[in-house]
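There are 2 protein chains.
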Amino acid sequence: MKKEKLEVGDTCTHNVSFTQDEVKKFAALTKDTNPIHLDEAYASGTVFKRPIVHGYLSGAVFSKVFGTLFPGIGTIYLYQEMKFRRPVYTGEKYIATFEVTEIVEEKNRANIYCQLLNSENKVCIEGQATVMHLEKIG
Amino acid sequence: MKKEKLEVGDTCTHNVSFTQDEVKKFAALTKDTNPIHLDEAYASGTVFKRPIVHGYLSGAVFSKVFGTLFPGIGTIYLYQEMKFRRPVYTGEKYIATFEVTEIVEEKNRANIYCQLLNSENKVCIEGQATVMHLEKIG
Chain A
362 MKKEKLEVGD TCTHNVSFTQ DEVKKFAALT KDTNPIHLDE AYASGTVFKR
412 PIVHGYLSGA VFSKVFGTLF PGIGTIYLYQ EMKFRRPVYT GEKYIATFEV
462 TEIVEEKNRA NIYCQLLNSE NKVCIEGQAT VMHLEKIG
Chain B
362 MKKEKLEVGD TCTHNVSFTQ DEVKKFAALT KDTNPIHLDE AYASGTVFKR
412 PIVHGYLSGA VFSKVFGTLF PGIGTIYLYQ EMKFRRPVYT GEKYIATFEV
462 TEIVEEKNRA NIYCQLLNSE NKVCIEGQAT VMHLEKIG
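Residue numbers (the working numbering), protein chains in the order written: chain A, 362 to 499; chain B, 362 to 499.
Rather than coming from a laboratory, the hints here were simulated on the basis of the structure. Note that the structure is predicted; figures quoted are calculated from it, not measured. There could be a bad hint or two in this list.
Since copy identity is lost for identical chains, a pair holds within one copy or between any two.
To be verified - Below, in silico cross-link-like pairs of lysine-lysine (DSS-like), each with a Cα-Cα straight-line distance of 25 Å or less:
1. Lys366 to Lys385
2. Lys425 to Lys385
3. Lys483 to Lys468
4. Lys366 to Lys454
5. Lys386 to Lys468
If we strip away everything but chain A, and leave its shape as in the complex, we get (with noise of 0.2 Å):
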């Protein structure tokens, strides 16, 4: 990226994974403690059958690279939505993608597709995302 202008059809993609360690310390820090997370013999009893990663975690992949990397510090979070389509595990492989749909030069934002994708290349997360950037969007 650097110093050039996001465009319409721009991607980026980027290697996440998540481990239970991680997922209990979100727990913690959000006091979002459903057994669903934490709990195996819970978990096990459920249509997910194994504990999932909360959708606040393996979603944060979308944020983070907003803001470090595409387009980078600088970004102005506005809108975000999640479609929990699948669950996501810990101690597997995951791809977040993101495609640049549109461009408003005059409010330097941009609309971006983002998907968080398996290992067998199936949707787990997706949604539109609007973010703002001053100087490389616009």
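We have chain A; now place chain B onto it with these hints.
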């Protein structure tokens, strides 16, 4: 809530606040090290003036409430949107508010409108959520 079913018009409120230590831990956990969250000197030169809480940390209160209180354990999270309207700062008091706007009985799903309000009752984050609960919805 207990054993009753969610109904359209049901509401819930939940107090929440954030510390800079929590923001640091969230940044370490998610690798979202955007200086707008961590660096006072950097933040003072932005429109926000002070470091702001990550949207995925402040917004996680929605997930916490769904998974632990309203409707509670057993909730399956299907959708969340977040419109970031105003910054969320550490050391201030916020209230997360929830209102059931639609029940889809045959799918055990509820649409719930979520807001994170600051102490002046102004909206910092707002957005629709969809959750499923086999016992408490539908």
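Here is what the structure says about each hint:
no.	hint	in the structure
1	Lys366 to Lys385	neither (39 Å within a copy, 30 Å between copies)
2	Lys425 to Lys385	both (20 Å within a copy, 14 Å between copies)
3	Lys483 to Lys468	between (33 Å within a copy, 23 Å between copies)
4	Lys366 to Lys454	neither (30 Å within a copy, 38 Å between copies)
5	Lys386 to Lys468	neither (37 Å within a copy, 33 Å between copies)
Hint compliance for this structure: hints 1, 4 and 5 are broken, all remaining hints hold.
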